[in-house]
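Peer 1: The chain contents come next:
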Amino acid sequence: MGIVTGVVSNGYIQPTRAEWDRFRRNASWMRRLYLKQNSKIPGEVLRMISDNLPNGILCPGLQHLALTPKFHILPFCRLFLSPNLTEFSLRCFSFAGAEIPDEAVSSFTSTITELQVSSLQYLQISPGSSQIPSVRSVISDAVLRCGPPLTELSVSVPLSDAAVRHIMLLPNLVKWCTKDGPPSVSLMSLSDAFPRLRILQLLGEASLEWLPLFGAATRHTSSKQDTHTPSHRGPGQKLKTLDCFRVQVRVDAAFISPIMLFHGLVNLGLKSSCSGSGGCAFNLMDDNVAEITTALPRLRNALFGPPCSHNSCQTTVSSLVLLSTRCKDLVYLEIHFNTTNLCNDFEPIPENPHLRDLCALPRCRLQQLSVSNAPIWIGEEDIGPVAAGFLRIFPLLCHILGRTSTWVKISRELCNNR
Amino acid sequence: MPHPIIEINELTQLVADLLLLDGRQSLVSLACTCRALEEQALSTLWSEQSSLETLIKSTLPPGILSSPQFPPQVCNGDCYRGRL
Numbered sequence: 000m001g002i003v004t005g006v007v008s009n010g011y012i013q014p015t016r017a018e019w020d021r022f023r024r025n026a027s028w029m030r031r032l033y034l035k036q037n038s039k040i041p042g043e044v045l046r047m048i049s050d051n052l053p054n055g056i057l058c059p060g061l062q063h064l065a066l067t068p069k070f071h072i073l074p075f076c077r078l079f080l081s082p083n084l085t086e087f088s089l090r091c092f093s094f095a096g097a098e099i100p101d102e103a104v105s106s107f108t109s110t111i112t113e114l115q116v117s118s119l120q121y122l123q124i125s126p127g128s129s130q131i132p133s134v135r136s137v138i139s140d141a142v143l144r145c146g147p148p149l150t151e152l153s154v155s156v157p158l159s160d161a162a163v164r165h166i167m168l169l170p171n172l173v174k175w176c177t178k179d180g181p182p183s184v185s186l187m188s189l190s191d192a193f194p195r196l197r198i199l200q201l202l203g204e205a206s207l208e209w210l211p212l213f214g215a216a217t218r219h220t221s222s223k224q225d226t227h228t229p230s231h232r233g234p235g236q237k238l239k240t241l242d243c244f245r246v247q248v249r250v251d252a253a254f255i256s257p258i259m260l261f262h263g264l265v266n267l268g269l270k271s272s273c274s275g276s277g278g279c280a281f282n283l284m285d286d287n288v289a290e291i292t293t294a295l296p297r298l299r300n301a302l303f304g305p306p307c308s309h310n311s312c313q314t315t316v317s318s319l320v321l322l323s324t325r326c327k328d329l330v331y332l333e334i335h336f337n338t339t340n341l342c343n344d345f346e347p348i349p350e351n352p353h354l355r356d357l358c359a360l361p362r363c364r365l366q367q368l369s370v371s372n373a374p375i376w377i378g379e380e381d382i383g384p385v386a387a388g389f390l391r392i393f394p395l396l397c398h399i400l401g402r403t404s405t406w407v408k409i410s411r412e413l414c415n416n417r
Numbered sequence: 000m001p002h003p004i005i006e007i008n009e010l011t012q013l014v015a016d017l018l019l020l021d022g023r024q025s026l027v028s029l030a031c032t033c034r035a036l037e038e039q040a041l042s043t044l045w046s047e048q049s050s051l052e053t054l055i056k057s058t059l060p061p062g063i064l065s066s067p068q069f070p071p072q073v074c075n076g077d078c079y080r081g082r083l
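In the order they appear, the protein sequences are chains A and B.
Residue numbers for the first sequence follow numbering that gives the first Met the number 0, so the first one is 0 and each next one is one higher.
Residue numbers for the second sequence follow numbering that gives the first Met the number 0, so the first one is 0 and each next one is one higher.
Everything labelled a hint here was simulated from the structure, so no lab data went into it.
Check the hints yourself; a few may be wrong.
[Said to hold, decoys possible] Label pairs and their computed distance ranges (CB to CB):
id	chain 1	residue 1	chain 2	residue 2	range
1	B	S49	A	N83	30 to 36 Å
2	B	N8	A	H165	38 to 44 Å
3	A	P170	B	C33	44 to 50 Å
4	A	S117	B	C33	36 to 42 Å
5	A	T339	B	D16	54 to 60 Å
6	A	G60	B	E6	45 to 51 Å
7	A	N372	B	L20	41 to 47 Å
8	B	E38	A	P394	36 to 42 Å
9	A	T112	B	S49	48 to 54 Å
10	B	S49	A	S183	43 to 49 Å
11	A	D286	B	D16	52 to 58 Å
12	A	G263	B	I5	36 to 42 Å
[To be verified] Partial list, computed: chain A residues near chain B (C-beta under 8 Å):
id	residue
13	V44
14	C342
15	L395
C-beta atoms are modelled at their ideal positions from N, C-alpha and C, and glycine is treated no differently.
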């Protein structure tokens with residue numbers, strides 16, 4: 000590959016040898032690079048750079064690389080594949096329904112194939128489409144090449160069973176984001192899997208199949224071993240964060256049941272939303288919430304899905320009291336609760352027979368309550384008493400996050416009432 | 000002969016890191032002020048980048064950016080031109 004200098008080619012003035020030397024020297028100092036989709040570098044310039052790199056790598060010292068390239072940039076991603084990378088992210092976006100050009104797919108797979116993954120601690124790959132078999136196969140192969148240093152893995156396409164089994168045995172994996180359902184594995188092997196997993200993010204319905212499996216493995220481990228020793232706990236008991244994204248799921252006692260075995264859970268995020276025509280998908284009752292608060296007392300951020308406008312849920316203000324008195328670390332809460340008789344529900348707690356025993360207990364430090372699309376029908380004169388009612392349950396509440404102006408007024412009133 | 004204190008990498012790195020908080024222009028000034036500090040200043044300056052535009056604009060000739068696809072206002076690399 001020759002060094003080209005001082006001529007005009009394709010409308011671009013070629014840099015001199017000294018300019019190339021300075022360019023490469025400055026590039027060699029880069030340790031972190033974020034190449035975004037709005038990059039306006041023409042492909043011709045990147046080709047010129049590529050032609051003037053003696054060893055084919057632009058930033059040999061690069062350790063952290065995050066690429067969200069446009070399709071025309073994809074063929075040049077390999078310029079940044081330094082052997083020193085410890086963090087790598089490649090995300091492509093395609094418009095809904097738009098086909099990804101064959102050249103882009105080819106460049107994407109070449110980049111993943113050439114990536115040295117064995118030393119990576121963080122790997123994120125999102126090809127923009129999960130429908131291309133060659134992409135899934137190449138990503139599965141890359142995952143199989145990942146080694147013990149890997150602590151975070153996020154892949155937005157389903158992987159081969161072999162790749163998933165490999166992930167399960169990665170000794171230092173702390174955070175895993177997956178779109179896959181589990182391969183066929185025995186409970187025994189699952190109890191030794193994910194030895195350090197603390198954060199589990201599930202994308203889509205298929206991935207939810209992990210939940211009962213984690214639950215079963217946790218039950219299996221609990222029955223066999225001393226669960227007070229962290230190394231003897233099943234994978235579910237070690238989880239601190241569980242997020243379920245892009246799922247349409249009925250949040251009911253059966254769905255929550257395996258999650259209640261994850262006793263160390265600090266952050267629970269169910270991002271499922273009720274569909275407009277299908278009615279409310281939140282089917283928990285106050286008794287279920289009581290069980291959850293007993294099983295998961297360490298919850299700090301609890302999101303049970305954004306409340307919808309149907310107002311047909313059976314949970315009431317009692318659930319809020321249960322959460323406040325039993326989950327002492329709670330700071331953020333999103334949960335359906337029926338607002339039909341909100342003013343009556345906020346009657347002084349000693350008069351409410353269900354909550355009388357709880358009134359003397361200390362409350363949590365909740366600061367934000369998300370009510371999202373929950374409807375509320377109260378007059379101006381009730382805004383103050385309702386705000387006071389919320390403060391009796393959550394004394395440190397600062398914000399109620401709702402869509403209607405009434406919720407905004409109640410949120411403002413919190414400051415006046417405190 | 001530079002002052003011996005400039006040869007202590009940990010100290011010069013600390014100075015460069017602090018100047019970075021002040022803004023990248025301060026690191027450019029440091030690199031242009033003292034040859035003994037140039038490498039430390041430049042390595043810190045280029046260490047983290049949110050695009051390639053600055054690198055291209057500041058080290059390659061203006062002609063390379065003359066294409067209408069690459070308007071000159073896309074980055075602030077001009078301020079480094081001829082200095083790095």
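Peer 1: Please flag the earlier hints that this structure goes against, numbers listed from lowest up.
Peer 2: Of the numbered hints, 1, 6, 8, 9, 12, 14, 15 do not hold.
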